[in-house]
Amino acid sequence: MQWASWSAFFHMGGYAFYVWFSFGLTALCVVWEVLALRKRSAQALRLAKLLAQD
Amino acid sequence: MNNAWLTVLKRDLLLALRRRSDVATTLFFFLIVSSLFPLGIGPEPAVLSSIAPGVLWVAALLAGMISLTRLFAADFEDGSLEQMLLAPQPLTLLVTAKVFAHWLVCGLPVVLLAPLIGLQYALPGDALLVLVWALLLGTPALSLIGAIGAALTLGVRGSGLLVALLVLPLYIPVLIFGAGAVAASQNGMSAQAHLSLLAACSLLALVLAPMATAAALKVSVE
Amino acid sequence: MNNAWLTVLKRDLLLALRRRSDVATTLFFFLIVSSLFPLGIGPEPAVLSSIAPGVLWVAALLAGMISLTRLFAADFEDGSLEQMLLAPQPLTLLVTAKVFAHWLVCGLPVVLLAPLIGLQYALPGDALLVLVWALLLGTPALSLIGAIGAALTLGVRGSGLLVALLVLPLYIPVLIFGAGAVAASQNGMSAQAHLSLLAACSLLALVLAPMATAAALKVSVE
Amino acid sequence: MLLAAQGLACLRGDRLLFKSVSFELMAGGLLYVLGENGSGKSSLLRLLCGLLMPEVGEVHWCGKSIKQDPETYLSNLLYLGHLNGLKDDLTALENLQMSARLADSLVDEQKMLSALTSIGIARCANLPVRVLSQGQKRRVALARLWLTESKLWILDEPFAALDAASIEVLASRLNQHMSDGGMTIITTHQDVEISAQSTQTVRLSA
Amino acid sequence: MLLAAQGLACLRGDRLLFKSVSFELMAGGLLYVLGENGSGKSSLLRLLCGLLMPEVGEVHWCGKSIKQDPETYLSNLLYLGHLNGLKDDLTALENLQMSARLADSLVDEQKMLSALTSIGIARCANLPVRVLSQGQKRRVALARLWLTESKLWILDEPFAALDAASIEVLASRLNQHMSDGGMTIITTHQDVEISAQSTQTVRLSA
Amino acid sequence: MSIHWFKYSSPQTFYPLAGKMIPWFAWLATIFLVAGLYISFAIAPTDFQQGEAYRIIFVHVPAAWMSMVIYIVMAAWAALGLALNARLSAMMAQALAPTGAIFTLLALVTGSLWGKPMWGAWWVWDARLTSELILLFLYLGFIALQSSIDDPRRADRAGALLALVGVVNVPIIYFSVKWWNTLHQGSSINMGAAPKMAMTMLTGMLLMALAFWMYTIAVALMRVRCIMLERERSSDWVKALSVGVKS
Ligand code: HEM
Ligand SMILES: Nc1ncnc2c1ncn2[C@@H]1O[C@H](COP(=O)(O)OP(=O)(O)OP(=O)(O)O)[C@@H](O)[C@H]1O
Ligand SMILES: Nc1ncnc2c1ncn2[C@@H]1O[C@H](COP(=O)(O)OP(=O)(O)OP(=O)(O)O)[C@@H](O)[C@H]1O
Ligand SMILES: [Mg+2]
Ligand SMILES: [Mg+2]
Numbered sequence: 001m002q003w004a005s006w007s008a009f010f011h012m013g014g015y016a017f018y019v020w021f022s023f024g025l026t027a028l029c030v031v032w033e034v035l036a037l038r039k040r041s042a043q044a045l046r047l048a049k050l051l052a053q054d
Numbered sequence: 001m002n003n004a005w006l007t008v009l010k011r012d013l014l015l016a017l018r019r020r021s022d023v024a025t026t027l028f029f030f031l032i033v034s035s036l037f038p039l040g041i042g043p044e045p046a047v048l049s050s051i052a053p054g055v056l057w058v059a060a061l062l063a064g065m066i067s068l069t070r071l072f073a074a075d076f077e078d079g080s081l082e083q084m085l086l087a088p089q090p091l092t093l094l095v096t097a098k099v100f101a102h103w104l105v106c107g108l109p110v111v112l113l114a115p116l117i118g119l120q121y122a123l124p125g126d127a128l129l130v131l132v133w134a135l136l137l138g139t140p141a142l143s144l145i146g147a148i149g150a151a152l153t154l155g156v157r158g159s160g161l162l163v164a165l166l167v168l169p170l171y172i173p174v175l176i177f178g179a180g181a182v183a184a185s186q187n188g189m190s191a192q193a194h195l196s197l198l199a200a201c202s203l204l205a206l207v208l209a210p211m212a213t214a215a216a217l218k219v220s221v222e
Numbered sequence: 001m002n003n004a005w006l007t008v009l010k011r012d013l014l015l016a017l018r019r020r021s022d023v024a025t026t027l028f029f030f031l032i033v034s035s036l037f038p039l040g041i042g043p044e045p046a047v048l049s050s051i052a053p054g055v056l057w058v059a060a061l062l063a064g065m066i067s068l069t070r071l072f073a074a075d076f077e078d079g080s081l082e083q084m085l086l087a088p089q090p091l092t093l094l095v096t097a098k099v100f101a102h103w104l105v106c107g108l109p110v111v112l113l114a115p116l117i118g119l120q121y122a123l124p125g126d127a128l129l130v131l132v133w134a135l136l137l138g139t140p141a142l143s144l145i146g147a148i149g150a151a152l153t154l155g156v157r158g159s160g161l162l163v164a165l166l167v168l169p170l171y172i173p174v175l176i177f178g179a180g181a182v183a184a185s186q187n188g189m190s191a192q193a194h195l196s197l198l199a200a201c202s203l204l205a206l207v208l209a210p211m212a213t214a215a216a217l218k219v220s221v222e
Numbered sequence: 001m002l003l004a005a006q007g008l009a010c011l012r013g014d015r016l017l018f019k020s021v022s023f024e025l026m027a028g029g030l031l032y033v034l035g036e037n038g039s040g041k042s043s044l045l046r047l048l049c050g051l052l053m054p055e056v057g058e059v060h061w062c063g064k065s066i067k068q069d070p071e072t073y074l075s076n077l078l079y080l081g082h083l084n085g086l087k088d089d090l091t092a093l094e095n096l097q098m099s100a101r102l103a104d105s106l107v108d109e110q111k112m113l114s115a116l117t118s119i120g121i122a123r124c125a126n127l128p129v130r131v132l133s134q135g136q137k138r139r140v141a142l143a144r145l146w147l148t149e150s151k152l153w154i155l156d157e158p159f160a161a162l163d164a165a166s167i168e169v170l171a172s173r174l175n176q177h178m179s180d181g182g183m184t185i186i187t188t189h190q191d192v193e194i195s196a197q198s199t200q201t202v203r204l205s206a
Numbered sequence: 001m002l003l004a005a006q007g008l009a010c011l012r013g014d015r016l017l018f019k020s021v022s023f024e025l026m027a028g029g030l031l032y033v034l035g036e037n038g039s040g041k042s043s044l045l046r047l048l049c050g051l052l053m054p055e056v057g058e059v060h061w062c063g064k065s066i067k068q069d070p071e072t073y074l075s076n077l078l079y080l081g082h083l084n085g086l087k088d089d090l091t092a093l094e095n096l097q098m099s100a101r102l103a104d105s106l107v108d109e110q111k112m113l114s115a116l117t118s119i120g121i122a123r124c125a126n127l128p129v130r131v132l133s134q135g136q137k138r139r140v141a142l143a144r145l146w147l148t149e150s151k152l153w154i155l156d157e158p159f160a161a162l163d164a165a166s167i168e169v170l171a172s173r174l175n176q177h178m179s180d181g182g183m184t185i186i187t188t189h190q191d192v193e194i195s196a197q198s199t200q201t202v203r204l205s206a
Numbered sequence: 001m002s003i004h005w006f007k008y009s010s011p012q013t014f015y016p017l018a019g020k021m022i023p024w025f026a027w028l029a030t031i032f033l034v035a036g037l038y039i040s041f042a043i044a045p046t047d048f049q050q051g052e053a054y055r056i057i058f059v060h061v062p063a064a065w066m067s068m069v070i071y072i073v074m075a076a077w078a079a080l081g082l083a084l085n086a087r088l089s090a091m092m093a094q095a096l097a098p099t100g101a102i103f104t105l106l107a108l109v110t111g112s113l114w115g116k117p118m119w120g121a122w123w124v125w126d127a128r129l130t131s132e133l134i135l136l137f138l139y140l141g142f143i144a145l146q147s148s149i150d151d152p153r154r155a156d157r158a159g160a161l162l163a164l165v166g167v168v169n170v171p172i173i174y175f176s177v178k179w180w181n182t183l184h185q186g187s188s189i190n191m192g193a194a195p196k197m198a199m200t201m202l203t204g205m206l207l208m209a210l211a212f213w214m215y216t217i218a219v220a221l222m223r224v225r226c227i228m229l230e231r232e233r234s235s236d237w238v239k240a241l242s243v244g245v246k247s
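Sequence order for the protein chains is G, U, C, P, Z and V.
Heads up: the first sequence begins at 1 in the working numbering, then just goes up one per residue.
Heads up: the second sequence begins at 1 in the working numbering, then just goes up one per residue.
Heads up: the third sequence begins at 1 in the working numbering, then just goes up one per residue.
Heads up: the fourth sequence begins at 1 in the working numbering, then just goes up one per residue.
Heads up: the fifth sequence begins at 1 in the working numbering, then just goes up one per residue.
Heads up: the sixth sequence begins at 1 in the working numbering, then just goes up one per residue.
Derived from the structure by calculation, the hints contain no laboratory data.
Among the clues, some could well be false.
Claimed, not checked - Residues on chain C that point at chain Z, a partial pick, calculated with CB under 8 angstroms:
| hint | residue |
| --- | --- |
| 1 | N3 |
| 2 | R11 |
| 3 | M84 |
| 4 | L86 |
| 5 | A87 |
| 6 | V221 |
As the list claims (entries may be wrong) - In silico DSS-like links for lysine-lysine, alpha-carbon gap of 27 angstroms or less:
| hint | chain 1 | residue 1 | chain 2 | residue 2 |
| --- | --- | --- | --- | --- |
| 7 | G | K39 | V | K20 |
| 8 | U | K10 | P | K64 |
| 9 | G | K49 | Z | K19 |
| 10 | V | K239 | G | K49 |
To be verified - What the simulated footprint calls covered on chain U by chain C, stretch by stretch (three residues with Cβ under 8 angstroms from a Cβ of chain C suffice, anywhere in the stretch; the number is not a length):
| hint | segment |
| --- | --- |
| 11 | 45 to 55 |
| 12 | 65 to 79 |
| 13 | 134 to 143 |
| 14 | 162 to 171 |
Just so you know, these numbers come straight off a predicted model, no measurement behind them.
We put the CB at the ideal spot given by N, CA and C, even for glycine.
Work out the full structure: start from the sequences and follow the hints.
Pasting the structure below:
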């Protein structure tokens, strides 16, 4: 294990902003993409249902 | 605010929403054009930062101008411009609504994207701030002046280039004050004077351009 | 040379002759864009001559691209493109005729005008010569690649900017080699390698682009 | 209420299309503009709208030149030219709404739907106009006739590209307009029965 | 010589316009494509030309699929759509010349002038098409019918925007084409008498 | 409407199949991700030159790899769709593009975030950086073209042509940018400055890359399902599917 403590881990040797921003942004993109796709799929199904009722 | 003014504004925003890619392409055009220069000129950061104000403003000018070429063209081709001319409303009013919608959709995003590109040209922080202010004050003038060109060249073939020819010379003051503002702040001077001049340009354009545009539209539709 | 090839070539040249202003405007666009930079950047001759290759090539790229946006659009709108697709001739052939006409009318004048603008940027004599050669070898590639973009975006609204988005990234090699050739000769090196690469780009484009363009036209006319 | 044209002449390029065209159109009146292809029918209609400037002559609305008081005139005018004036990316309903608002007339969705129903394209109400066929687009444009309160209608070949059923519907709408005291100026190459309190004809010769 | 369509279906956007349209057209035959606005007439015609790809089905010319041997088919085909295919900046004569050359048929100026005379616009022969009226433009486009040697004509609403005299001229040209052993496929909303050795009708329903 | 809309593979059968495959790939992605993150933060030692900042490599490099690989895969699907007139292939190409663009953007941003502490600049016009930026433009062009054409069939074919032209151009662009950068003044920063990668780092990067791969497949399948639903909304099988949905 590299890290003396959790705070050292979060501090990242002074590069916290750069490292956590990189990983955070990646995580954000992944989560956003998945959520957006779920919403899109639900919307498509809802529209299809409306069309089916016509 | 007048009812017809809002209608036209809403209509144009709705159309832009239906064609979101149109909006995106103005932005990308700005982005791509400003990324072309380093490829032609070379990667030296010192050189790039010294030419940045000029290059960014020219890219903004071109993006604005090119997106303006079609400001009235679609309405002209499908006959809705005729209908607008026959509306019992002052045409100048409707013209300002169209130009405002265009600025919201094409001008504002460019203003917001500009600092990001400024970073690639190694511009310092305060110059970036001035860049945003200058664009915010100057782009309305670009839209308003561009509208005159777009109206004059309606229905003329090859109008894309013709607009450029008519409009770019009129853009020159905006370019000079705009690039001057950024350059001043890069050199540690105050950009105040340049910014005031930019605002004056926009105001003057707001007073005169819609009338000229309306007159040009009437001629083009004959 | 095939009869239909000559017909299309002749037709497009005749049309350009009837609309001489179109040709003139490409030239003026090139001229104006390349004159904007000194205004935005400042009159320092040393700076100007160092950025000249890049700026001139970017201006050529933009002028070519903008004039290309309408390469097929007029034919599409008035239905003569349909008729061309229904001609008992290979479409690739007709496409090359159109592109060649466009190059004669828009590319060649830019090539011939470029040294004049180079002078304004304080380029030395041999760099000017290299500039002309580079443009002569590179502009055909620009026309050919641009034709693909023009064909793909036919009938799509806001196509002017969309073409820019599609085509400018593909132009980058030509820009790099073209500006590189001039810069090399400015720095006292041989421009030979760059020029050969430019010629290679144009040849490759000549082989591949007409096919892609023809396919794109068929898709667009559906 | 009266539309009067006095000695109109129209020059296009270097050709004099027509000269000294005069007429008076009263409430309930119908004016046919007839003539061969290229005789200047469309030009005359655009001139009556004020889109084109006459070379000689004037157009008066209720005694006043339409150049003097355009707003009153325009708020009484509905013009439909060769072009439909529809935005391809808006639906039929949205298009109708926009044009009603521009003309300052307030109409609700119910009314617009019934207008579309009258001309038989209610099915297309929420489709973007882009995907409609020639005749369907024309019908969306014509649906404005069911929503307007304008007195004077100027219609340039309204029957072109319409199928037989739609022509009949349109003709009966025109009849109704005239019997309500409206006026219509129309060009057409097709033979369609329209009844009006008074029918005039202007014949242009090429 | 035979045009055969087998089980054609056409999908536009997500709507199936028509399916299993089949017919055979022999020399001297006339095929009417009828239907309301938006029923897919124009789409069917474009599909027969090969401009549009059918979703299902094939079109055969003299026994061969038109995708297999497009050149033979195209050199026997003349198509006139909603659009006239004229360049605004060229004169009527120049336009005719270009389209004849593209179709690889050699025609001299005399012949073109007489074609323009037949359809009654010889007067406009040397005017740029830009300044012509709707109907005049259409007539320039139709003048190609007097110059072509193609066997198969596909005409989309050729009578629209024409005045009565021109309609008659065009109808008699069609009669002559059919009696010379040609074939014609036509859509129209107008009632025009055309005589042919055999007349068929395809009716599309929306 | 019993005509065959799809000649080679029907969405009707692929839709449920894709639905079954998605969880598998999602699980694989999670497993690889956990392993990769463990190595990148717990096992990999501190770099003596770059300090902890180098840990960005564990997202940056896999993202950069993916950005390039996805473009090639996308073009291959597009070519297949064009050649065989198979719509499923075209849909796959369309489904991959946004994910590819996101990875390109991530490579750019994480690279910038790395560059600032290492080089002192957010951006330099280095060959590799520049070609990555151009790759982003190529993705955006593809997406913009497809989204501005309404007829799906036309959009598919136009997009496929563009992707093919792009794939011919990518190597040309790559080399031209490389030569551009080395023929004149040498770039002031040497990208090779990173130390020889230890085995652990390589393993970490590979695991993260695998995680991204699996994620890409899962997401592309999700998106292709959406596209199918949207395109076939009036077909019977979609209507049947939608009955169970609460609105
Ligand atoms: C915006 C900035 C950056 C971009 C767009 C970028 C782009 C790329 C690309 C496309 C690759 C994959 C290349 C390949 O595998 O052939 C890559 C790999 C790599 N990058 Fe970056 N990069 C950026 C900044 C940086 C910085 C600042 C560093 C370190 C100081 C860096 C270090 C690396 C390393 C070590 C690799 C792996 C090299 C290899 O596997 O061969 N990058 N980058
Ligand atoms: N912009 C223009 N410039 C010059 N001449 C024009 C212009 N527009 C029309 N013309 C000429 O005016 C004449 C009349 O045109 P107009 O469109 O009014 O005819 P029309 O009677 O409506 O014919 P159609 O029945 O074919 O629609 C035409 O012969 C045409 O040559
Ligand atoms: N590009 C397109 N995308 C989607 N749908 C289209 C497209 N073009 C036409 N359509 C649809 O196809 C249908 C048929 O169009 P088409 O033009 O073939 O009709 P038509 O029978 O010629 O009608 P008209 O008599 O009005 O000319 C229309 O309802 C229209 O909605
Ligand atoms: Mg007319
Ligand atoms: Mg039709």
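Does the nearest C-beta of chain Z fall within a distance shorter than 8 angstroms of the C-beta of V221 of chain C? holds, 6 angstroms
So if I understand the rule, the pair passes when the alpha-carbon distance is 27 angstroms or less; does K239 of chain V with K49 of chain G pass? Measuring from Cα to Cα gives roughly 6 angstroms; hence the hint holds.
Minimum Cβ distance from A87 of chain C to chain Z below 8 angstroms? Holds, because the Cβ-Cβ distance from A87 of chain C to chain Z comes to roughly 5 angstroms (cut-off 8 angstroms).
Can R11 of chain C be said to touch chain Z, with a Cβ gap under 8 angstroms? OK, holds: R11 of chain C within 8 angstroms of chain Z, min 5 angstroms.
Given as covered by chain C, does the segment 162 to 171 of chain U meet the bar of three residues or more with CB within less than 8 angstroms? That given contact holds, which follows from 5 residues of the segment 162 to 171 of chain U lying within Cβ reach (below 8 angstroms) of chain C.
According to a criterion of three or more residues whose C-beta lies within less than 8 angstroms of a C-beta of chain C, is the segment 45 to 55 of chain U covered? holds (count 6)
Going straight from one Cα to the other, do K10 of chain U and K64 of chain P come out at no more than 27 angstroms? Violated, at roughly 34 angstroms.
Do the numbers back the hint for L86 of chain C, that is, is its least Cβ distance to chain Z under 8 angstroms? holds, 6 angstroms
Residue count check for the segment 65 to 79 of chain U against chain C: does it reach three with CB-CB under 8 angstroms? holds (count 5)
Quick check on N3 of chain C please, does its C-beta sit within 8 angstroms of some C-beta on chain Z? OK, holds: N3 of chain C within 8 angstroms of chain Z, min 7 angstroms.
Sort out whether K19 of chain Z lies within 27 angstroms of K49 of chain G, counting only the CA atoms. holds, 26 angstroms
Given the hint that K39 of chain G pairs with K20 of chain V, does the C-alpha gap stay at or below 27 angstroms? holds, 19 angstroms
Hints 8 and 13 from the earlier list are contradicted by this structure; the remaining hints agree with it.
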